[in-house]
Amino acid sequence: MKGQNLGNYAYLKRRSQFGKLYVNSVDQLAEVMDKLEQRLADLHDYLIVYESDQADALPIGRMIRVQFEVGTSTTLDIPITVRYDVIQERERPIEPPPATTVTTASEYGGGTTDDNSI
Numbered sequence: 001m002k003g004q005n006l007g008n009y010a011y012l013k014r015r016s017q018f019g020k021l022y023v024n025s026v027d028q029l030a031e032v033m034d035k036l037e038q039r040l041a042d043l044h045d046y047l048i049v050y051e052s053d054q055a056d057a058l059p060i061g062r063m064i065r066v067q068f069e070v071g072t073s074t075t076l077d078i079p080i081t082v083r084y085d086v087i088q089e090r091e092r093p094i095e096p097p098p099a100t101t102v103t104t105a106s107e108y109g110g111g112t113t114d115d116n117s118i
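Under our numbering, think of the first position of the sequence shown as 1, with each following residue one higher.
Source of the hints: derived by calculation from the structure; they are not laboratory data.
Glycine included, every Cβ here is placed at the ideal spot set by N, Cα and C.
Hints may be right or wrong, so weigh each one.
Cβ-Cβ distance ranges computed for the label pairs, FRET-style [what the hints assert, rightly or not]:
#1 Pro93 with Lys35: 43 to 51 Å
#2 Gln54 with Pro96: 39 to 47 Å
#3 Tyr22 with Val86: 23 to 31 Å
#4 Gly61 with Thr104: 47 to 55 Å
#5 Leu58 with Gln28: 26 to 34 Å
Input sequences plus hints: build the corresponding full structure.
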């Protein structure tokens with residue numbers, strides 16, 4: 001799917017991640033989904049992605065407009081789909097360094113070269 005341009009170097013794209021949710025009972029599935037939906041509602045469909053599950057992990061990204069879709073299954077291994085938008089950026093060109101010296105060139109017009117003309 002083509003992304004929505006946010007600027008010259010960034011665009012928004014819809015992504016999908018598929019997986020399975022392993023639960024012990026239908027009641028546990030309902031409880032987990034309620035918690036996920038409440039968490040998303042509290043955070044306005046915005047989740048922060050951390051580099052690991054440790055308490056001091058640094059954030060490395062954001063998922064916006066997150067949606068969970070639960071599939072059907074005859075077992076307790078429930079297929080789920082997580083859909084979210086992600087901002088992707090392309091590399092910006094390297095900016096030239098600032099000038100260290102600025103000089104001007106003088107041009108002298110034609111004609112005489114006495115003291116009064118330039």
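Hints versus structure:
1. Pro93 with Lys35: 43 to 51 Å: Since the Cβ atoms of Pro93 and Lys35 sit about 45 Å apart, the hinted range of 43 to 51 Å holds.
2. Gln54 with Pro96: 39 to 47 Å: The hint (39 to 47 Å, Cβ to Cβ) holds, given that Gln54 and Pro96 are roughly 41 Å apart.
3. Tyr22 with Val86: 23 to 31 Å: Given range 23 to 31 Å: holds, Cβ gap about 26 Å.
4. Gly61 with Thr104: 47 to 55 Å: holds, 48 Å
5. Leu58 with Gln28: 26 to 34 Å: Roughly 31 Å apart at Cβ, these two residues keep to the hinted range, so it holds.
No hint from the list above goes unmet by this structure.
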